[in-house]
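S.K.: Sequence:
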Amino acid sequence: MDKKLKKVNFVLSVGSVDGVCCSAAVLRNAAEGADIAFCQAFTVDKVDPAAWGERRNILLVDLAVNNRDESMTQDFLRRIKAAGHTIIGVLDEHNADDWRRAFATTELSFDDLAIQPVSQNEGDIKSSGALLLSILGDEADEQTRELCKAADAGDRMDFSTHFGGIVNQAVKSRIMDDSRRVYLAKHFAQNRDADETIRGWIAEYEAVLATHEEIVAARKDLGDGIVRIDAVGKTVDMTTLMGAVYDLGYQVVLTEGEMFDKAAGAKIRQIAFGCKPGLKLDAVATIKAAGVDCSGFAAKANVKPEDEEAALAAIRAALGNQSK
Numbered sequence: 179m180d181k182k183l184k185k186v187n188f189v190l191s192v193g194s195v196d197g198v199c200c201s202a203a204v205l206r207n208a209a210e211g212a213d214i215a216f217c218q219a220f221t222v223d224k225v226d227p228a229a230w231g232e233r234r235n236i237l238l239v240d241l242a243v244n245n246r247d248e249s250m251t252q253d254f255l256r257r258i259k260a261a262g263h264t265i266i267g268v269l270d271e272h273n274a275d276d277w278r279r280a281f282a283t284t285e286l287s288f289d290d291l292a293i294q295p296v297s298q299n300e301g302d303i304k305s306s307g308a309l310l311l312s313i314l315g316d317e318a319d320e321q322t323r324e325l326c327k328a329a330d331a332g333d334r335m336d337f338s339t340h341f342g343g344i345v346n347q348a349v350k351s352r353i354m355d356d357s358r359r360v361y362l363a364k365h366f367a368q369n370r371d372a373d374e375t376i377r378g379w380i381a382e383y384e385a386v387l388a389t390h391e392e393i394v395a396a397r398k399d400l401g402d403g404i405v406r407i408d409a410v411g412k413t414v415d416m417t418t419l420m421g422a423v424y425d426l427g428y429q430v431v432l433t434e435g436e437m438f439d440k441a442a443g444a445k446i447r448q449i450a451f452g453c454k455p456g457l458k459l460d461a462v463a464t465i466k467a468a469g470v471d472c473s474g475f476a477a478k479a480n481v482k483p484e485d486e487e488a489a490l491a492a493i494r495a496a497l498g499n500q501s502k
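Per my numbering, residue 179 is the first one in the sequence shown, and the count goes up by one each step.
To be clear, the hints were calculated from the coordinates, so they are not data collected in a lab. Quick reminder that beta carbons are idealized off the backbone N, C-alpha and C, glycines included. Take the hints with a grain of salt, since some may be wrong.
As the list claims (entries may be wrong) - Estimated spans, in silico, between C-beta atoms of each pair:
| id | residue 1 | residue 2 | range |
| --- | --- | --- | --- |
| 1 | Gly-231 | Gly-456 | 39 to 49 Å |
| 2 | Glu-391 | Gly-231 | 40 to 50 Å |
| 3 | Glu-232 | Asp-460 | 23 to 33 Å |
| 4 | Glu-384 | Ala-495 | 33 to 43 Å |
| 5 | Asp-408 | Phe-288 | 44 to 54 Å |
| 6 | Asp-319 | Asn-499 | 20 to 30 Å |
| 7 | Ala-488 | Glu-300 | 24 to 34 Å |
| 8 | Asp-226 | Asp-460 | 31 to 41 Å |
All chains, please: the whole structure from these sequences, using the hints.
M.R.: Written out as structure tokens, the structure is:
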């Protein structure tokens, strides 16, 4: 299998911590000079395979079929084929049947893949890192194994490993910047420790965490398990920030923040109502039922600042009904 990985000269991976760590392990065993790019299952429509160069041997890493729009993934496979590239394998643990169907629809051979995806609900392999490690077996060197194990842990949101911890901190202060992920994957394919550039990114994230402490300290307890925080003008890692607030025992976090409005061409204020994981409350449905316009999804509803009080009253009433 190592020889088949040596044929890979281009990797397209999901940009999660497990995706970056697993891709670094792949690059460590791939063709010399292999390149890499990152995307998400729901952004493959924006990927241009023609920009990858001529006749690439592609490995897709941790990339699932877009189960909300399978035709998007199918069109993506067609573009890869039209650009003259060959898909060597799909290193993914989400759903093998989805990939088999996508390949069949686009008249590509699934059975000829040197590396085939698996379905995590049908076996013991639960991550792309675990899948790669099972494929390489005794051929994997110590660093490859460590990268695969970091990827496996990262898939479970465990960033306590050496590589997972570094990657997580290095990308968080500029989460949308895929060039960092490219740098990290290539660096850790060859090196074990962070260099000056990566240490600088980690320092940026430490500053973000310090900002979190300030935001949490300035929180306003609104009663009934609801708290209000102000993140306007601040760089935050929203997942980590919300987790820190939920850990204090709050059920709903009202966050004043900013979002870029394309129509206005500028940032505008926005109020978000976030629900603690496990809370049986549909924030969007609750707020809309009160006649307030909002967007988002069950666990997080966004409203205009002028609608904050009405939305808050609706959420408070819903929480009160749950406690009866």
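S.K.: A separate judgement is required for each hint: does it hold in the structure or not?
M.R.: Checked hints:
1. Checked against the given bound of 39 to 49 Å, the beta carbons of Gly-231 and Gly-456, roughly 47 Å apart, stay inside it.
2. A beta carbon spacing of about 46 Å between Glu-391 and Gly-231 agrees with the range 40 to 50 Å that was offered as a hint.
3. Taking the beta carbon of each, Glu-232 and Asp-460 are about 50 Å apart, not inside 23 to 33 Å as hinted.
4. One distance hint, 33 to 43 Å for the beta-carbon pair Glu-384 and Ala-495, holds here, with the actual separation near 40 Å.
5. The hint said 44 to 54 Å for the Cβ distance between Asp-408 and Phe-288, and at roughly 51 Å that hint holds.
6. A beta carbon spacing of about 58 Å between Asp-319 and Asn-499 contradicts the range 20 to 30 Å that was offered as a hint.
7. Between Ala-488 and Glu-300 the C-beta distance comes to about 47 Å, which lies outside the given range of 24 to 34 Å.
8. Look at Asp-226 against Asp-460: about 38 Å separates their beta carbons, and that is inside 31 to 41 Å.
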